[in-house]
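Student: Listed below, chain by chain, are the residues.
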Amino acid sequence: MIWHYLKLVWNRRRANGLILAEILISFLVLCVICGVAVYYAGNWRRPLGFDYHNLWTLDVSMPQQAIEDSSARAHGLAISERLLAAMNATPHVEAAAPMANTPYSGSMSRMGITLADGSKLQYFWIQTTPPALGVLKLQLVSGRWLQPGDDVLSYTPIVITQDLAQRLFGRENPVGRTIDSYKDGKLETSSKSWQERRVIGVIRNYRKAGEFRDMPYAAFQPQAMTNPDRGGVPWSYGMRVNPGTPPAFEESLLKAMHAEAPDWTFTLRSVELERQRSIRGFLLPLAFAGTLAAFLILMVGMGLVGVLWQSVTRRTQELGLRRALGATASAVRNQIIGEIVVLTAIALLVGSVLFLQLPLLGMVKFVGVGVFVTAIVVSCLIIIPFVILCALYPGWLATQVEPSRALQYE
Amino acid sequence: MLINYLKLAYKVLLRRKFFTFVSLFGTSVTLLVLVIGSAMLDYSLSPNAPEVRLNRTLLVTYMAMRGDQNEWSGDPGYGFIDRYCRNIPHVERMSVYTGAHGTASFIQGEKVVSQIRHTDAEYWSILDFAFIAGQPFGESEVANGSHVAVISQSAARNLFGDQSPIGRSFETQGQTFRVIGVVRNVPRVREAAYADIWVPVTTLPTEEWKTALMGDFNAMLLADSPRHFRAIRSEFAARLPHVVMTDPDNFKTMSGSPRTRLEDIAAEAVGMTNDSPRTGMFIGVLVLLTLLFMLLPAINLVNLNISRIFERVSEIGVRKAFGASRRHLVGQFIVENIVLAVMGGAIGLVLSMWALHVINGSGMIANADLRMNPRIFLYGLGLSIFFGVLSGAYPAWRMARLDPVEALRGGQR
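Residue numbers (this note's numbering), protein chains in the order written: chain A, 969 to 1378; chain B, 396 to 808.
Since the hints were made in silico from the structure, they are not lab data. Ideal Cβ placement from N, Cα and C applies to all residues, glycine included. Be aware that a few hints might be false.
[Unchecked claim] One-sided and incomplete, this derived list gives chain A residues near chain B with beta-carbon spacing under 8 Å:
{"no.": "1", "residue": "Glu990"}
{"no.": "2", "residue": "Leu1222"}
{"no.": "3", "residue": "Ala1224"}
{"no.": "4", "residue": "Leu1322"}
[Said to hold, decoys possible] Between beta-carbon pairs, the in silico distance windows are:
{"no.": "5", "chain 1": "B", "residue 1": "Val682", "chain 2": "A", "residue 2": "Arg1198", "range": "26 to 32 Å"}
{"no.": "6", "chain 1": "A", "residue 1": "Leu1155", "chain 2": "B", "residue 2": "Arg461", "range": "23 to 29 Å"}
{"no.": "7", "chain 1": "B", "residue 1": "Thr685", "chain 2": "A", "residue 2": "Ile1081", "range": "40 to 46 Å"}
{"no.": "8", "chain 1": "A", "residue 1": "Ile1314", "chain 2": "B", "residue 2": "Leu657", "range": "56 to 62 Å"}
{"no.": "9", "chain 1": "A", "residue 1": "Gln1107", "chain 2": "B", "residue 2": "Pro636", "range": "50 to 56 Å"}
{"no.": "10", "chain 1": "A", "residue 1": "Ile1352", "chain 2": "B", "residue 2": "Asn768", "range": "41 to 47 Å"}
{"no.": "11", "chain 1": "B", "residue 1": "Asp670", "chain 2": "A", "residue 2": "Arg1112", "range": "44 to 50 Å"}
{"no.": "12", "chain 1": "A", "residue 1": "Gly1086", "chain 2": "B", "residue 2": "Gly756", "range": "52 to 58 Å"}
{"no.": "13", "chain 1": "A", "residue 1": "Arg982", "chain 2": "B", "residue 2": "Thr685", "range": "26 to 32 Å"}
{"no.": "14", "chain 1": "A", "residue 1": "Ile1314", "chain 2": "B", "residue 2": "Arg793", "range": "19 to 25 Å"}
{"no.": "15", "chain 1": "A", "residue 1": "Gly1086", "chain 2": "B", "residue 2": "Phe772", "range": "56 to 62 Å"}
{"no.": "16", "chain 1": "A", "residue 1": "Ile1352", "chain 2": "B", "residue 2": "Gly675", "range": "48 to 54 Å"}
{"no.": "17", "chain 1": "B", "residue 1": "Leu657", "chain 2": "A", "residue 2": "Met1331", "range": "58 to 64 Å"}
{"no.": "18", "chain 1": "A", "residue 1": "Gly1010", "chain 2": "B", "residue 2": "Gly756", "range": "32 to 38 Å"}
Could you build the full structure based on these sequences and the hints that come with them?
Tutor: Listed below in structure tokens is the structure:
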């Protein structure tokens, strides 16, 4: 049966070529949009690892010198200590800690390392103090969290996320292992401040880039608040506040900050609001592209109805002859629908092969092949019923052909 | 002849209303999207208040500082601009200003977030702000570090409600500013002008920004004519080797070049090679995307047109048999298509005017003021005619090749 339809499709190849091209392009457009949606949905389902409710972040910007030389850094650290004390003294603040890479912030400071096998990876790198566990409400899975005194050890104690542990050490117990970077096959220890990074604990997750991004590698290490040679001046803080904190909290906190550091400027943000903004930032473009694609595909669908309609009227003789020779109405309808489904199947097959080149040729590296396959399946499930829907009316028209009229024609 | 073609076109379009509808729908929606896209692009690239001299302006928005192992790229600092960007030949006026940054004020316990920008006095002479009340700050206010501010209408409403803002004070980041001017709101895309609050650059806390080579400053160089952009750039490049590095252990060279707004946008969208924006690639990508977007509607239209022709096979056969030339038939068919495309284009343009109105009102783009100008209108119209010819040409060619005998019989294949 399918071979027969294929033959019919082949016989009208010139007209069908354009229909094929149309369906193929629509399918590819749909695949891209479904791919993004599937990728987002997959990331969304995985645990965030922190609690964004009642969480605030404070970004500071300070004179350049505080970053550059050591004595200015010592001064900056002293101010930072006072800021932290002032934060903790502010009503409604439960806990506060300095931390880079605060949730949903634009800051993406990452450490890049080269593993022994030559592969490279990047992880979010967060210098912080012990209260950060409560500020972010991280979940410790094994080992221990940072504690006071960690910043003066002879090695750098480091707490990593489960995904990073899995990537670095596989199924082995990561606690007590070191995170090494290699250069030309040798352990890289060149920089002056180099210290062995030793894993002391594992947390469930810390996906600071948010629900939609696939960036699960993060590592926490101690922020030295008193020794300017072992760490810079922190430029952002996280704060956990009581549920139901009144808006006036912001004003009193910023006043307290300015009182401690009149030269510095501060930006206070609610992580809940930042999250909403981040989510909008991901979904709006997708919704826009989706609407556009829907219009395109609707247009193609209407075009398809028109073309099929026309081809049915032109094939009166052929269809009438079939009816005269005893074909039932449903057989004729099935022929019209079957032809277009076969055509669609060819387009989808070609489209899938083309679309799969993206991951196979390594053009999109950070997305797994599974996402592409799912996107193809979802797109097929949308296109095939849609095409059948478009063929229903022309198919019904075909059944209305009177055999007698068709035979009269010649 | 043309009148006959038009009459025919009208009759044909009425005969198959479904086909006509599909064609019009496709053309108008395609045009709608293209017009909105080009309106946005045109809006951000062409001079519009307050950036009325954008055509003559070069922007110093990106510099890179490099050492053996270190690289620092981004906005230049005041120290660099002040020492090395002044008195360039062919530059009439020069202004230095910071980026716009969110800043909080509290009005009776309510938080008000505004965008604040620190500028010099020349800023007000290069950009044309529409002052509703008061005036900008001048050289003396900047020299003295006076805490005065120009604010936008919306900032005035947020900070002072219905009261007259001139002479009143507000507090932000621990500083108190007195309002001396109110300007009309500035759209977000006017990159160099956009903000809610403008204050003298000298009110920045500390003194370190005055010498920093890199930092948070931009400069506008107003050339006497765009023809001298090249001369300005080469003078700029000639000065770079003489920059005295403040941290020579880590950073040894500075690179970068003043850019036009187009180059700025291109650098942001597709990146840079050797510190120069890939403008050609940016334009190429835009053209490619437009063509790709038009591909599907075009194929759809071609497909429909072929169907329409074969429906009229016997009409064509009769005309051929009575001696109509190929040229006549093709001409007739293309006129039909252009009529259809222009109709679709007209609908599309009306739709886009409505859509631009909706976008302006929705607040999706802060203070947006997108408009349909004659340039975009002509562009849209041209595009829809191009569309009509394109989608009519192939079907017309196939029609012209029809064998009259076959056609008279109703055409088998």
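Student: If a hint holds in the structure, say so; if it does not, say that too.
Tutor: Hint by hint, here is what the structure shows:
At about 5 Å, the closest approach between the beta carbon of Glu990 of chain A and any beta carbon in chain B falls short of 8 Å, and the interface hint on this residue holds. Interface restraint check: Leu1222 of chain A against chain B, minimum CB-CB distance 7 Å, threshold 8 Å, status holds. Residue-level restraint check for Ala1224 of chain A is violated (minimum Cβ-Cβ distance to chain B is 11 Å; threshold 8 Å). Restraint check, Leu1322 of chain A versus chain B: the minimum CB separation of about 14 Å is more than 8 Å; hint violated.
Checking the proposed 26 to 32 Å range against Val682 of chain B and Arg1198 of chain A shows it is violated: the Cβ atoms sit about 53 Å from each other. Checked against the hint of 23 to 29 Å, the C-beta distance between Leu1155 of chain A and Arg461 of chain B comes to roughly 28 Å, which is consistent with it. Range check, Thr685 of chain B to Ile1081 of chain A: about 42 Å between beta-carbon atoms, so the 40 to 46 Å window is met. Hint check: Ile1314 of chain A to Leu657 of chain B, Cβ distance near 43 Å, so the stated range 56 to 62 Å is violated.
One distance hint, 50 to 56 Å for the beta-carbon pair Gln1107 of chain A and Pro636 of chain B, holds here, with the actual separation near 55 Å. Checked against the hint of 41 to 47 Å, the C-beta distance between Ile1352 of chain A and Asn768 of chain B comes to roughly 45 Å, which is consistent with it. Take Asp670 of chain B and Arg1112 of chain A: their Cβ atoms lie about 47 Å apart, and the range 44 to 50 Å holds. As the Cβ distance of Gly1086 of chain A to Gly756 of chain B is approximately 55 Å, the hint placing it in 52 to 58 Å holds.
Checking the proposed 26 to 32 Å range against Arg982 of chain A and Thr685 of chain B shows it holds: the Cβ atoms sit about 28 Å from each other. The given range of 19 to 25 Å is respected by Ile1314 of chain A and Arg793 of chain B, whose C-beta atoms sit roughly 23 Å from each other. Evaluation of the 56 to 62 Å hint for Gly1086 of chain A and Phe772 of chain B yields a pass: the beta carbon distance comes to about 58 Å. The supplied range of 48 to 54 Å is broken by Ile1352 of chain A and Gly675 of chain B, whose beta-carbon atoms lie about 42 Å from each other.
Separated by about 28 Å at the C-beta atoms, Leu657 of chain B and Met1331 of chain A break the suggested range of 58 to 64 Å. Checked against the hint of 32 to 38 Å, the pair Gly1010 of chain A and Gly756 of chain B passes, with Cβ atoms roughly 36 Å apart.
The structure is inconsistent with the numbered hints 3, 4, 5, 8, 16, 17, although it conforms to all the rest.
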